[in-house]
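Enquirer: Build the full structure now, drawing on both the sequences and the hints.
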Amino acid sequence: MRLLKDRLARRAMGGLAAVPGLLVLLIVVGLFLKSKAILGVGPLSGLLFSTAWAPLKGQFGFFAFIMGTVWVTLTALVLAVPVSILTAVYLSEYAPRWVREAAKPVIDLLAGLPSVVYGVWGVLLVVPFVGDVLAPLFGVTSSGYSILAGGLVLAVMIFPTIIHVTLEVFTSVPRSLRDASLSLGATKWETTRHVVLRKGAQGILAAGALGFSRAFGETMAVLMVVGNVPAVPRSLFDPGYPLPALIANNYGEMMSVPRYDSALMMAALVLMLIVLFFNVLARRILVRVERRFR
Amino acid sequence: MNQPAPISIRNLSVFYGDLQVLKDIDLDIPARKITVIIGPSGCGKTTLLKSLNRLLDDSERVRIRGRVVLDGEDIYAPRTEVTRIRKKMGLLSQKPQVLPMSIRDNVAYGPRIHGLRSRRELDKVVGNYLKLAGLWEEVKDRLDDPASTLSVGQQQRLCLARGLAVEPEIILGDEPTSALDPASSQNVERRLMELKRDYTVVVVTHILRQARRIADYLAFLYLGELVEHGPAAEVFSDPKDPRTRAYLTGEIS
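Residue numbers (numbering that gives the first Met the number 0), protein chains in the order written: chain A, 0 to 293; chain B, 0 to 252.
Hints in this document: simulated from the structure, not taken from any laboratory.
Just so you know, not all the hints are guaranteed correct.
Unchecked claim - In the SDA-like style, the derived pairs of lysine to any residue whose C-alpha atoms are separated by at most 20 Å in a straight line are: (1) A/K187 to B/R53; (2) A/K187 to B/V81; (3) A/K187 to B/L55; (4) A/K187 to B/Y75; (5) A/K187 to B/E59; (6) B/K94 to A/S171; (7) A/K33 to A/L47; (8) A/K187 to B/R78; (9) A/K187 to B/G114; (10) B/K32 to B/I213; (11) A/K187 to B/H113; (12) A/K33 to A/N249; (13) B/K94 to A/A94; (14) A/K187 to A/A94; (15) A/K35 to A/L24; (16) B/K94 to A/D178; (17) A/K187 to B/R119; (18) A/K187 to B/I213; (19) A/K33 to A/P54; (20) A/K187 to B/S58; (21) A/K187 to B/D56; (22) A/K187 to B/I112; (23) A/K187 to B/L115; (24) B/K94 to A/T170; (25) B/K139 to B/R119; (26) B/K94 to A/S175; (27) B/K94 to A/P173; (28) B/K32 to B/E227; (29) A/K187 to B/D144; (30) A/K103 to B/E59; (31) A/K187 to B/P99; (32) A/K187 to B/D104; (33) A/K187 to B/D57; (34) A/K187 to B/P77; (35) A/K187 to B/T82; (36) B/K94 to A/R174; (37) A/K187 to B/T79; (38) A/K187 to B/P110.
Note that this is a predicted model, so its numbers are computed, not measured.
Expert: Structure (structure tokens):
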């Protein structure tokens with residue numbers, strides 16, 4: 000009887016553990032099936048690389064949205080990665096222990112804030128800052144609702160993730176390796192640059208990839224500040240319309256338009272595959288890093 | 000060749016938090032000799048060694064009292080520049096710590112930091128010190144491979160070459176053979192015996208037989224205290240302190 004229970008419990012838990020994995024698969028398959036209608040209309044490249052977005056005329060070109068996503072994400076990464084790495088370097092190499100211990104929970108708290116909070120903060124502060132301060136500084140006019148605003152908000156949102164991972168990587172570099180460099184007469188900064196950063200290079204890459212997938216899929220906060228104009232942005236001060244925002248804004252509203260829902264599904268599929276790819280990549284790099292330090 | 004310097008340690012005490020790990024050490028380390036510091040694990044050997052090139056500085060909870068005089072200069076004086084002190088000493092650690100770069104760059108790292116830029120000069124330095132460390136023949140065709148592809152024994156000799164390349168006066172070894180196989184250990188010991196002609200060598204070990212093989216001068220540490228020191232032959236044949244005798248006969252370890 001007890002053995003039976005044991006066996007049952009094992010089966011049940013095994014089954015439950017398989018659910019998340021299956022879900023991912025199901026979502027991908029489901030999205031694919033749903034977007035088949037639009038895939039049947041024209042060639043895939045026509046969908047991905049056309050800028051013609053006129054659902055009422057049956058034109059579904061995703062290029063503007065893909066570019067919107069790419070621009071916002073890249074802006075966020077360019078802003079966030081250097082700052083995060085330097086923050087992590089400071090925390091792991093220079094800061095006294097109590098500062099490091101105090102900073103860690105705060106950083107993790109930032110990672111857990113609801114994104115709509117970041118969105119509100121963006122609308123109240125970042126958008127006016129970009130529109131009224133930065134744009135005149137560069138001699139352009141902008142409403143503030145722009146790629147740059149989206150990038151800034153996103154950058155702040157992915158700081159904690161990148162800092163957390165890189166800090167982890169830096170603190171796993173053994174003390175004796177630093178000593179080896181220091182004992183040759185290297186300064187702390189030389190040691191950090193040539194030894195710690197180099198030893199952690201792969202980990203930094205993984206942190207970047209994690210930050211990327213977080214930024215790529217972020218919907219709410221970006222949607223609130225980026226302007227949502229379906230055109231390929233030509234400068235940082237132009238508005239954009241990233242894929243997630245497209246889906247969130249339109250799904251459930253214009254379902255009477257033929258194939259619209261299918262197009263949105265297709266957008267979701269593209270988004271999902273890219274994020275999945277970067278997540279797997281980041282995880283693989285991290286696993287390799289951990290193995291190397293053990 | 001440089002003029003190797005003796006080291007004078009005066010009233011050196013080291014605390015980790017409230018724990019005193021070194022108690023009023025007074026020791027003169029002679030030049031051009033191998034001084035071996037022996038003692039059971041946890042007696043403060045490594046701490047003593049690290050205090051010689053100020054590697055303890057970076058730990059927050061460490062307090063250091065006393066003086067370490069090198070070339071007539073107190074290395075703990077407030078105006079002493081720590082990088083200059085460390086450049087005077089090459090360190091071999093327990094496990095070889097190769098830097099995450101190529102074999103060539105490992106050796107060139109030190110000279111480069113200290114301002115040597117010419118590619119040709121650097122190549123010469125790399126060749127010279129790899130030869131001096133007895134590694135040249137094994138790696139001359141693969142200088143651009145990552146240093147981590149070397150065997151552990153080769154890595155330790157690479158660390159030796161790297162340390163020598165900054166032209167130190169002193170070589171510090173913190174149980175430098177403890178991670179190596181017998182043949183590699185012997186190789187490293189032989190290098191140290193050769194190098195003592197031009198350098199002051201200080202080696203920490205808990206292997207008594209190794210101490211017998213290489214020591215000219217011997218210091219015995221026990222529970223943070225310098226119990227006995229003197230020419231190796233004397234201390235080995237006629238220990239004055241009962242604790243030294245007990246350690247040498249294997250009663251305490």
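Enquirer: Next step is simple, just say for each hint if it's right about the structure.
Expert: Here's how the hints hold up against the structure:
1. Of the supplied pair hints, the one linking A/K187 and B/R53 holds, its CA atoms being roughly 13 Å apart against a limit of 20 Å.
2. Annotation: proposed proximity of A/K187 to B/V81 holds, straight-line Cα distance about 11 Å (limit 20 Å).
3. With a C-alpha separation of about 14 Å, the suggested pair A/K187 and B/L55 falls inside the 20 Å cut-off, and the hint holds.
4. Pair hint A/K187 plus B/Y75 holds up; C-alpha atoms about 18 Å apart against a cutoff of 20 Å.
5. Taken as a hint, the A/K187 and B/E59 pair is honoured in the structure, with Cα atoms around 15 Å apart against an allowance of 20 Å.
6. Taken as a hint, the B/K94 and A/S171 pair is honoured in the structure, with Cα atoms around 16 Å apart against an allowance of 20 Å.
7. As the CA atoms of A/K33 and A/L47 are separated by approximately 17 Å, the hinted pair is consistent with the 20 Å bound.
8. At most 20 Å may separate the alpha-carbon atoms for a hinted pair to count; A/K187 and B/R78 meet this at roughly 18 Å.
9. In summary, the hint linking A/K187 to B/G114 is supported, as the alpha carbons are separated by about 16 Å, within the 20 Å threshold.
10. Restraint check for B/K32 and B/I213: the C-alpha separation of about 10 Å stays at or below 20 Å, so the hint holds.
11. Of the supplied pair hints, the one linking A/K187 and B/H113 holds, its CA atoms being roughly 14 Å apart against a limit of 20 Å.
12. At roughly 16 Å between alpha-carbon atoms, A/K33 and A/N249 fall within 20 Å of each other, so this suggested pair holds.
13. With a CA separation close to 27 Å, the supplied pair B/K94 and A/A94 exceeds the 20 Å bound.
14. As the CA atoms of A/K187 and A/A94 are separated by approximately 13 Å, the hinted pair is consistent with the 20 Å bound.
15. Of the supplied pair hints, the one linking A/K35 and A/L24 holds, its CA atoms being roughly 17 Å apart against a limit of 20 Å.
16. Between B/K94 and A/D178 the alpha-carbon distance is near 12 Å, which keeps this suggested pair within the 20 Å criterion.
17. The suggested pairing of A/K187 with B/R119 is violated, with an alpha-carbon distance near 27 Å, which exceeds 20 Å.
18. Note on A/K187 and B/I213: the hinted pairing is violated, with a Cα-Cα distance of about 34 Å set against a maximum of 20 Å.
19. For the given pair, A/K33 sits about 17 Å from A/P54 by alpha-carbon distance, which is consistent with the 20 Å threshold.
20. Among the hinted pairs, A/K187 with B/S58 is consistent with the structure: their alpha-carbon atoms are about 13 Å apart, no more than 20 Å.
21. Annotation: proposed proximity of A/K187 to B/D56 holds, straight-line Cα distance about 12 Å (limit 20 Å).
22. A hinted pair counts as satisfied when its Cα atoms are at most 20 Å apart, and A/K187 with B/I112 qualifies at roughly 12 Å.
23. A hinted pair counts as satisfied when its Cα atoms are at most 20 Å apart, and A/K187 with B/L115 qualifies at roughly 19 Å.
24. For the hint linking B/K94 to A/T170, the alpha-carbon distance of about 19 Å falls within 20 Å, and the restraint holds.
25. At roughly 16 Å between alpha-carbon atoms, B/K139 and B/R119 fall within 20 Å of each other, so this suggested pair holds.
26. For a cut-off of 20 Å, the pair hint linking B/K94 to A/S175 stands: about 9 Å separates their Cα positions.
27. Using a Cα cut-off of 20 Å, the hinted pair B/K94 and A/P173 holds, with the two alpha carbons roughly 11 Å apart.
28. With a C-alpha separation of about 18 Å, the suggested pairing of B/K32 with B/E227 holds against the 20 Å cut-off.
29. Note on A/K187 and B/D144: the hinted pairing is violated, with a Cα-Cα distance of about 26 Å set against a maximum of 20 Å.
30. The straight-line distance between the Cα atoms of A/K103 and B/E59 is roughly 19 Å, inside the 20 Å bound, and the hint therefore holds.
31. Simply put, A/K187 and B/P99 have alpha-carbon atoms about 16 Å apart, close enough for the 20 Å limit, and the pair holds.
32. Simply put, A/K187 and B/D104 have alpha-carbon atoms about 18 Å apart, close enough for the 20 Å limit, and the pair holds.
33. For the suggested pair A/K187 and B/D57, the alpha carbons sit about 10 Å apart, so the restraint of at most 20 Å is met.
34. Taking the CA atoms of A/K187 and B/P77, the gap is near 18 Å; set against the 20 Å cutoff, the hint holds.
35. Pair hint A/K187 plus B/T82 holds up; C-alpha atoms about 9 Å apart against a cutoff of 20 Å.
36. Annotation: proposed proximity of B/K94 to A/R174 holds, straight-line Cα distance about 12 Å (limit 20 Å).
37. For the hint pairing A/K187 with B/T79, the CA-to-CA distance comes to about 16 Å; that is within 20 Å, so the pair holds.
38. Straight-line distance between C-alpha atoms of A/K187 and B/P110 comes to about 16 Å, which keeps the hinted pair within the 20 Å bound.
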